[in-house]
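> Chains A and B, in that order, give the protein sequences. For the first sequence, the tail end lands on 309 under the numbering used here, and the numbers increase by one without skipping. For the second sequence, the tail end lands on 570 under the numbering used here, and the numbers increase by one without skipping.
It is possible that part of the hints are untrue.
[To be verified] Per the computed footprint, the stretches of chain B lying under chain A, defined by three or more beta-carbons under 8 Å from a beta-carbon of chain A, are:
1. 225-238
2. 542-550
[To be verified] Example chain B residues on the side facing chain A (calculated, C-beta under 8 Å, incomplete):
3. 83
4. 86
5. 90
6. 290
7. 291
8. 536
9. 537
10. 538
If you're looking for bench data, these hints aren't it; they were derived computationally from the structure. The beta-carbon is built from N, C-alpha and C at its ideal position, and this holds for glycine as well.
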Amino acid sequence: MLSRIAESLFWIGRYVERADNTARLLDVHVQTLLEDPWVEEDLACRSLLSVMDRPAPVPPTRADRGYVLDVLAYDQVSASSIAGSLGAARDNARRARETISSELWEALNATWNALGAQVEAADPHDFFGWVRERGAVVAGIVDSTISRDDTWQFLVLGRSMERADMTARLLTTRALAGPAGPSWTTFLRSCGAHEAFLRTYRGTASVEQAAGFLLVDRVFPRSIVYALGQAEQCLAGLEPVTDRATLDAARRHLGLTRTSLEYRPVSQILDDLPGEMEQVQRACAAASHAIARRYFRSGPPAQWVGEAL
Amino acid sequence: MVTTTSGSAKTAGAQDTAGAQGGHGGQCYQFVCSDRVRGRSRAATVHGMDLFDGCRAGAAWDEMVAGDQVHGPYQQVHQVLAPMSLDDVRARADSLARAYVRQGVTFDVGGQERPFPIDVVPRVVGADEWAHVAPGVSQRVRALEAFLADVYGPQRALADGVVPRSVVVSSTHFQRAARGIAPANGVRVHVSGIDIIRDRATGWRVLEDNVRVPSGVSYVLSNRQAMTRSFPELFAALRIAPVADYPHRLLAALQAAAPAGVDDPTVVVLTPGVYNSAYFEHTLLARLMGVELVEGPDLFCASGRVWMRTTHGRRRVDVIYRRVDDDYLDPVVFRQDSLLGCPGLMACARKGTVTVANAVGNGVADDKLVYTYVPDMVRYYLGEEPILANVDTWRLEEPQALAEVLDRLAELVVKPVDGSGGKGIVVGPAASASELAALRTRLADDPRGWIAQPVVQLSTVPTLVDDGLRPRHVDLRPFAVNAGDQVHVLPGGLTRVALPEGELVVNSSQGGGSKDTWVLDGPRVGDPVPITDGPQVVAVGHGVPILANPHDSSEVIQQQQQQQQQEVPC
Numbered sequence: 001m002l003s004r005i006a007e008s009l010f011w012i013g014r015y016v017e018r019a020d021n022t023a024r025l026l027d028v029h030v031q032t033l034l035e036d037p038w039v040e041e042d043l044a045c046r047s048l049l050s051v052m053d054r055p056a057p058v059p060p061t062r063a064d065r066g067y068v069l070d071v072l073a074y075d076q077v078s079a080s081s082i083a084g085s086l087g088a089a090r091d092n093a094r095r096a097r098e099t100i101s102s103e104l105w106e107a108l109n110a111t112w113n114a115l116g117a118q119v120e121a122a123d124p125h126d127f128f129g130w131v132r133e134r135g136a137v138v139a140g141i142v143d144s145t146i147s148r149d150d151t152w153q154f155l156v157l158g159r160s161m162e163r164a165d166m167t168a169r170l171l172t173t174r175a176l177a178g179p180a181g182p183s184w185t186t187f188l189r190s191c192g193a194h195e196a197f198l199r200t201y202r203g204t205a206s207v208e209q210a211a212g213f214l215l216v217d218r219v220f221p222r223s224i225v226y227a228l229g230q231a232e233q234c235l236a237g238l239e240p241v242t243d244r245a246t247l248d249a250a251r252r253h254l255g256l257t258r259t260s261l262e263y264r265p266v267s268q269i270l271d272d273l274p275g276e277m278e279q280v281q282r283a284c285a286a287a288s289h290a291i292a293r294r295y296f297r298s299g300p301p302a303q304w305v306g307e308a309l
Numbered sequence: 001m002v003t004t005t006s007g008s009a010k011t012a013g014a015q016d017t018a019g020a021q022g023g024h025g026g027q028c029y030q031f032v033c034s035d036r037v038r039g040r041s042r043a044a045t046v047h048g049m050d051l052f053d054g055c056r057a058g059a060a061w062d063e064m065v066a067g068d069q070v071h072g073p074y075q076q077v078h079q080v081l082a083p084m085s086l087d088d089v090r091a092r093a094d095s096l097a098r099a100y101v102r103q104g105v106t107f108d109v110g111g112q113e114r115p116f117p118i119d120v121v122p123r124v125v126g127a128d129e130w131a132h133v134a135p136g137v138s139q140r141v142r143a144l145e146a147f148l149a150d151v152y153g154p155q156r157a158l159a160d161g162v163v164p165r166s167v168v169v170s171s172t173h174f175q176r177a178a179r180g181i182a183p184a185n186g187v188r189v190h191v192s193g194i195d196i197i198r199d200r201a202t203g204w205r206v207l208e209d210n211v212r213v214p215s216g217v218s219y220v221l222s223n224r225q226a227m228t229r230s231f232p233e234l235f236a237a238l239r240i241a242p243v244a245d246y247p248h249r250l251l252a253a254l255q256a257a258a259p260a261g262v263d264d265p266t267v268v269v270l271t272p273g274v275y276n277s278a279y280f281e282h283t284l285l286a287r288l289m290g291v292e293l294v295e296g297p298d299l300f301c302a303s304g305r306v307w308m309r310t311t312h313g314r315r316r317v318d319v320i321y322r323r324v325d326d327d328y329l330d331p332v333v334f335r336q337d338s339l340l341g342c343p344g345l346m347a348c349a350r351k352g353t354v355t356v357a358n359a360v361g362n363g364v365a366d367d368k369l370v371y372t373y374v375p376d377m378v379r380y381y382l383g384e385e386p387i388l389a390n391v392d393t394w395r396l397e398e399p400q401a402l403a404e405v406l407d408r409l410a411e412l413v414v415k416p417v418d419g420s421g422g423k424g425i426v427v428g429p430a431a432s433a434s435e436l437a438a439l440r441t442r443l444a445d446d447p448r449g450w451i452a453q454p455v456v457q458l459s460t461v462p463t464l465v466d467d468g469l470r471p472r473h474v475d476l477r478p479f480a481v482n483a484g485d486q487v488h489v490l491p492g493g494l495t496r497v498a499l500p501e502g503e504l505v506v507n508s509s510q511g512g513g514s515k516d517t518w519v520l521d522g523p524r525v526g527d528p529v530p531i532t533d534g535p536q537v538v539a540v541g542h543g544v545p546i547l548a549n550p551h552d553s554s555e556v557i558q559q560q561q562q563q564q565q566q567e568v569p570c
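For reference, chain A alone in the conformation it holds in the complex (with noise of 0.2 Å):
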């Protein structure tokens, strides 16, 4: 498989899954804000708009919720916002329209043809149902047409690191939140995981067994363990093996965060969440420029959108 085209597929992974976390997360956010009368907006917007690493405006202007639908959700130009990056993965597919299935690609292209449409559908609850559906709709024919082989393999790889780093900047979203911030039952929601939660634990859970199913738990999917583990496999998949005594820069990144988790008392990383998630963070993007080098060297090297914006 050329390089560039395993970029675009590592990417259409990585763009869709983070489409469909950011409307996971704003969803909290927004009704939040809704709900709770006493939170305090423009703290609550700073404080989301820094982890997710984009520019607050200079005080006095407040920072409120339409700032961070615009910034976070509607900016087409940004990879870092709900249209821009699903503008992103339309992009990327266009370029490997070649490899992937005419399904995949009608998906993605209808996705972004509708997407103008449904900006301006004013209700974001209901853009955000949208976006989540286009995930699903995604992930499900990724599921059944593609092949088992590279181009899966690049595809989940994306989708898996996308979603281990999302889900630690929900964490950190909940870490920084402090006590007035959304219960940890808003967030398993946000997910999907609420559910599933309630089922393991029937009903009636502590916070360190609703952060710990979000962080460690073995069998939910979107646990930031499970969804390492998934990505290296990925790379396990990728790489047959050829060199017995060390492993791949990208796996190490990657293993060494989730056993660090893994085989840790949850209580002990709750001690210092946001400091942990920004670990995960950190090996994410480690990770992600290990697998440019080792497999994409086609391109120039990569660049911070933050500086680039």
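Following the hints, complete the assembly by docking chain B onto the known chain A.
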């Protein structure tokens, strides 16, 4: 059969029918022309034409508007809704209905699935009003709990003559099979729904008690979720007591009721099956509690215990939150043709290896004739004065009462004592002469089977109907969960609306609706959350950038585009 969508009979005033039509007629216009500048209209006084014009001339006491005044708790709701056009309001109502169809919050009408009717205008209860109602409900539950423990135990109250023995033993729901079954933590009424009505600002009265299988709480939860989505501005402006912790409290109460010595009790919800009209509620509660939803055939009794069949073999069941009526619970003891229960269940309950919630035989406490003795029970068992009064009721067993009722039948409401869902109710003013004659014979034949009440003037709340917003009669079913150490009353409850004008029986299958019920929390004490507790920002240098495909950078795209442009002229 108790169903979710059906409610109790409503004794609505037939005499207000004419007044309620005032919205179409001329009376309301006196409010219209007074002042058209809406900008000046503030909280307490309403000027100008608005959505609520059709609601001011109702004869019954309206909870929201009275003339050009808006009652305290409703002021913000009124402020938000009043400037809207009828089309805006209808659009919101449509979005509520669509959300319900999508989520499957529906009920069957003649084989067709309809969205559960939720009205766009919420019912609002002030903090001070709720501070009166909630303790009243809790007190009532405690008294009924004491009564049931007594009836199925020492029967002190019967010996002392507080409640006549004949009334208890003649109740169709007095289950002799339940005698001597001692619940693990003393609770028989784990969940109750006490129906209350209101005839003026302070006039809350209990219409009936439901301590068997009260249903409707799922609609409280889903109504709230739907309203939050549709009226974010109201939720932002008001501090509304949340209801979402209900499943958690219910589970805690059920676990507390587990047989003694069980460490990690297994709770299940027992449903009659997918064709039951309340099946949605059963699934919702099981889902939110994270417990199994079982049907009768999933359970079996062996070795003096109840088990469920699972893929990993049998698993012990400790607490059964049953949504199946007493009669169907155990074919060994009750109806032998029942396919919904589990043979041997009652033996296990008697042995104390399983808890059935709500307890078998609770129906004796919500018998409508026993209802008339509840205020006496409050005094007798609790030594307290009842906080919530009953609706005046004639006990037809007393000869002079029967004579008076037969005499005034055309102006009274007559109800069967063991009915629910509004079945069998005869509303005197609305009944024909032949109906009344037939009723007269039935009452004389079976005075124990009936009670009579005056027509109560129910309060109204503006409700969206075909003509716009009109006053419609409402009642309220607050839900109480008894965990043994305390009775928790869910703030709010299910408000049911009689949608057709002059309709006296609230029943979804007969065109009843519901309203989300908002209990306003008291003003927040002290400062808002201190800044240090507020959301923090990621420390400088600790933000991790979000990466993007380097090929997506605008530079690359521009170069590719330039390439194309150069090719075109060739």
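> Decide, hint by hint, whether the structure agrees.
Now for the hints, and whether the structure bears them out:
no.	hint	in the structure
1	225-238	holds (count 7)
2	542-550	holds (count 9)
3	83	18 Å, violated
4	86	20 Å, violated
5	90	16 Å, violated
6	290	3 Å, holds
7	291	6 Å, holds
8	536	4 Å, holds
9	537	4 Å, holds
10	538	4 Å, holds
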